[in-house]
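S.K.: Sequence order for the protein chains is R and D.
Quick note on the working numbering: the first sequence kicks off at 74 and runs consecutively.
Quick note on the working numbering: the second sequence kicks off at 74 and runs consecutively.
Treat the hints with care, as some may be off.
The list treats identical chains as interchangeable, and a pair is accepted whether it falls inside one copy or across any two copies.
[Unchecked claim] Cross-link-like lysine-lysine pairs, in silico, DSBU-like; alpha carbons within 35 angstroms at most:
hint	residue 1	residue 2
1	K175	K455
2	K150	K532
3	K121	K214
4	K574	K363
5	K190	K533
6	K532	K296
7	K621	K296
8	K296	K584
9	K183	K363
10	K150	K533
11	K565	K533
12	K121	K455
13	K789	K584
14	K175	K532
15	K532	K584
16	K636	K789
17	K664	K379
18	K621	K762
Keep in mind that the hints were calculated from the coordinates and are not lab data.
The structure displayed is predicted, hence computed values, not measured ones.
Number of protein chains: 2
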Amino acid sequence: MHKIISIVRNRFLLITGILIVSQMLIQAAAPATWIWYPGDYEIWLGNKMNNRRTERGAFFPPFWKIDSHYVVVEFSKELDLSEPEEIEINVEGTYNIKLDGKLQFGMPDKFLLPAGKHQLNIKVWNQSAPPAIFVNGRTVKSDDSWRVTFEDKEWIDESGKASDTSATTYYRAGSGGFHSIDALPSAYRLAVTPLDVQTKELVNGGELYDFGRETIGFLQFEKLSGNGNMLIYYGESREEALDSAYCETLDKFSVNNGRVTDESVGLTYSITDSFTLENSKAFRYVYITKDEGVEYNGVSMLYEYKPEVYRGSFRSSDEELNRIWDVSAYTMHLTTREFFIDGIKRDRWVWSGDAYQSYLMNYYIFFDSQTVKNTIWLLGGKDPVTSHINTIMDYTFYWFMSIYDYYLFSGDRQFIAQIYPRMQSLMAYVLGRTNENGMVEGLAGDWVFVDWADGYMDKKGELSFEQVLFCRSLETMSLCAGLNDNEEDQAKYDRLAKELKEKLIPAFWSKDQQALVHNRLNNVQQPQITRYANMFAVFYDYLAPAQKQSVKQSVLLNDTIMKITTPYMRFYELEALCELGEHDLVMQEMKDYWGGMIGEGATSFWEKYNPEDRGAAHLAMYGRPYGKSLCHSWGASPIYLIGKYYLGIQPVKAGYGEFSIKPHLGGLKWMEGSVPTPEGEIKIRMDQKRISVTASAGAGYLYFSSKSTPKTTEGKIEKTDEGGYRIWIEAGEEVVVSYQF
Amino acid sequence: MHKIISIVRNRFLLITGILIVSQMLIQAAAPATWIWYPGDYEIWLGNKMNNRRTERGAFFPPFWKIDSHYVVVEFSKELDLSEPEEIEINVEGTYNIKLDGKLQFGMPDKFLLPAGKHQLNIKVWNQSAPPAIFVNGRTVKSDDSWRVTFEDKEWIDESGKASDTSATTYYRAGSGGFHSIDALPSAYRLAVTPLDVQTKELVNGGELYDFGRETIGFLQFEKLSGNGNMLIYYGESREEALDSAYCETLDKFSVNNGRVTDESVGLTYSITDSFTLENSKAFRYVYITKDEGVEYNGVSMLYEYKPEVYRGSFRSSDEELNRIWDVSAYTMHLTTREFFIDGIKRDRWVWSGDAYQSYLMNYYIFFDSQTVKNTIWLLGGKDPVTSHINTIMDYTFYWFMSIYDYYLFSGDRQFIAQIYPRMQSLMAYVLGRTNENGMVEGLAGDWVFVDWADGYMDKKGELSFEQVLFCRSLETMSLCAGLNDNEEDQAKYDRLAKELKEKLIPAFWSKDQQALVHNRLNNVQQPQITRYANMFAVFYDYLAPAQKQSVKQSVLLNDTIMKITTPYMRFYELEALCELGEHDLVMQEMKDYWGGMIGEGATSFWEKYNPEDRGAAHLAMYGRPYGKSLCHSWGASPIYLIGKYYLGIQPVKAGYGEFSIKPHLGGLKWMEGSVPTPEGEIKIRMDQKRISVTASAGAGYLYFSSKSTPKTTEGKIEKTDEGGYRIWIEAGEEVVVSYQF
């Protein structure tokens, strides 16, 4: 039996081997791609994203430093050609070509490279969009093996020759999947598809349109004509759309004999058969009032979206949970745009803390690595670092952690190499702001956020929460330095992390309260306990086992501790409870909390939800009646919780080279689903008698418990030290285990 | 008599007083001006300037880091209005308006401000050109009293209100003399005026056009028609224009039935009656070859220039010297463009060492403060500092010195306040690269330039020249810190300057050679003596009087020391000799050296001139037959030498609040001239019997010597300790002194 299994395994290993070889062949013939200075395109595109927000017709950019691309950049490639080769060239910008240091005439779109060893350089100037090049020949193709610099330190020296110096700072070029010579990166747009109104209603002389669920895109008017003004009020809720004085977004148009003027930007357009608005808005409802002279035949919209494959999936015996997963997936898709943004109505900005959760959810549904990288580049910004990311101290720390996470899920080591200089800059900024204890506290200009809370939270002094994130960030620096073979940095950050970790628990652990206190002022523990540091310390394993159990009782399951009312921090709270084995409890919490939003009519998940609120109070935030975002990425965390803690799948080695599967029914009769991996997916089905698993790549253990001796058709079940069982899973085989629930 | 003079003086004081009062009134009603983040427009415009260079049809940008503007900037002004006031608004970019923190609808071009105390904010995003605003109301006008930030650290806090923090970094807005609401700063262009060909000649089947002297601008073809190719070869010399294989700049056009394509950029234009080329070129000669099918009626050009008033003037009994002054002035005018550039053919770049001399010449002819400030901003760049300015160590030091010089000549203290943060950044970079002696030496990536020399010059180790400039830069930092009331920095840089100065002369002074040696390697003096450090140490007064006299003999007047062959370093060499009283010698040197270039046919002064070269060797440089620039700003130094050391005029206190006049005939029979000051000019005429002086503002001493007791019509002549005479000059009075030569 074992032998047969081995044969089966070998067959799959063979297939895997063929896949790897064919992948290598594909890589050798990898297509040319548009390349740029690493991060430049992402930062430039991010400026477009972040500057798309409006509030009641006013342009509303972010309030942190907005970086920009290097406007002059040089690309370089060493060539060794067996025969002459003509290359096609396209460039975003004004450019020159140097062959072996000699400038060539003009800006040719074709160029004949001679045989032999040569150095090809292309230098580009572009003020308004990132300098980018596309080169395509039989063997010479622009890709991330090209070098790039913004200051090549080359000059005509005394001898009259061009010379390079060792001080030249070259990086590998950045790229982002643009493989056509005509697909200019600066022309990139999301996809659109038409969407119809579900219902129309006349209210107070205006027309209220309902698109059936939360959506985003460009409103369209068919056969718009006549003369007069038209006002459009958008609502994520019916209440918001109908409240012309307080709705968060609106448009004003004046229609005039075949022309329409957008009053907020002062631009006039000619009306063709249908008129599509220039700026996207997020809404479910649209309320339109107009002068009598204005006419149109109908309203529809172009739904704007990032094309994504739903590689992760989930179904179970619980229809409410299935609905929670579906609404989470839709929320996630709406907020997955050029970047992972916070919310589609507001802020439409890239926030590091929000994005950090999007990355983790993304690994369990789209596995869209490009958008992860885009977002990390944008948030990393450019030197000099003059404030925390988004001005928020905690958001800087999430950024560090997101990078190693990305490596763990994707195995993409080249990205770690490219982003590492940004990590060094950001960490130097952080280390330059520590106090005499080597801890961080909010200095002038720092926003110490933690969470939106419906109660008092002190932000002064040393917050235990910030130290936990800081410590984890130092550990991340050390890990990434190691991946880059930077032993000096690896040792330095390892030492700093250890020093901080040694101080951390003694500094904040209260024996009386059996929990980490919220903060210290002048080295004195303050009495408040909050959930934040405690739950992070649980899943970062910073607490001793007994302390973890204490925290569970004294904090996590203690209703007198200030409750969390954002899905944002519920993410970590429920994660901590899962780490403590409270799967049944967390399942009920998910159903209550996210199910509660659905019960309130949510078609996407919200920025904040307090089950104790009633009616329109659910819509208010920031002192504004419709200030709350009803489609907020951090609302989608069930995707992550279900994938990681119920389907139970996570990477153990980078890129799922090794995985672990620890499924938990959490009270369900059955569940089934899949989790994407870089090279395929892991599928699992579990009921109270059987678990079946298939992984298309990688290998790893399936862990489970059973009241009686389990059986399997393939492989060998081992007992674990913890009293459970495990079985090793190889790629390609379906393993079915029979067990007793 | 004395009393009468006093009355006369009081009359002028009265007039001066009225002028001051009226100037204040004018300032109160100062016009609105376009404003931007300080330095942003200058850096953006500088990118256009620096990227205008071509070499044989190839785009040729600089090889140092090219900075860019902040793409999102917020402007702010505190208002206190007695009545409501409507403002006109124009903005370069997408913008919003906030009144007292509340966003206003749209992007209005008119806005009604309510009476009372209010805060007006305008936030602008512009990726391709610097965010800039123009606001004009009855009393509210955009000017440099507005604040500006690129990271206002404002956010919606927990209470839901917008809040400012003390960490907000605001600066006073930058401006540049754009006073019309329609004069978009990004649309700025130099002036043009038509210029005709002087002679036309047929050579080898092509046409050679001579414009009579060095010029710059856009070639024009009248009634260009037909079909075929046209090649245009530009020459600063006849030889260059006729050498199609080696001329430095050229154009290729193809003409096709009413359209013409620029082959270097691939752009096609429709031909109207006359066709003007898109890119300016520098030339005296143009050689054109074309296919038979191409026809045109005539060639002319649009001369492109910065409008300047020739406020400085000079005439003397020596016609050759007058011609030298005129050609210097023309050279200076050609290279005074949006910025002070090095040369109009090449590099067309802004180089700090070159610009430093242009500033000093400029003070004696145009007194164009705007172009000085533009150039200093551009060179100062943006954080982070990643290399020396233009990559050249010495060029960073000239930049520091240029700033205090500008203050001394202009009295513009606000500029010192605005640029000081850049000075701190640059000096931090320099101090981060000093060795264990606190001295600078060339590290990886540093270009240690000093000068182009026709002989060996060691660039390794500690160069005395670089330490002299470094020391002077530290002194400048201390002075500017003091002007900004930054006592901490003032003391710090003063201490650093003193520490370096104490080491300087002992480290490099050779008792044997009675001069500063060129360099030290591993703390050991090397034997070579060059002129550079020695001449700077003379006019910076770093040497004891006896040492100065030694240096004069052992170095400056010693023909065995490697000769200087660039006007660039001749500038300082002759300045040092003037400081040592060698006016007659320097006059002869000027006539020989610059007169020598005129003798070779120069219509503008050159980048380099070795009188020992013959024929076309004068045109070659950098290993290229026409590599040399024949119109190079550093060639124009006679303007400075004559103004400062013969007319003898210089500021003693900032902005010519006090001046000194020490005229020297230097062998001339007579001379007369004027030197501009911020508020007017100082005129002087001197022959061998009389000196007459008038200053329209400020006051100061006229110093002179006389073999017998001098006489004057006004004022009191005093004897000086040095055995000469002096007389105090007040603004507005003409003082005439009779003396014996």
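S.K.: Looking back at the numbered hints, which does the structure fail to meet, lowest number first?
M.R.: 4, 6, 7, 8, 13 and 16
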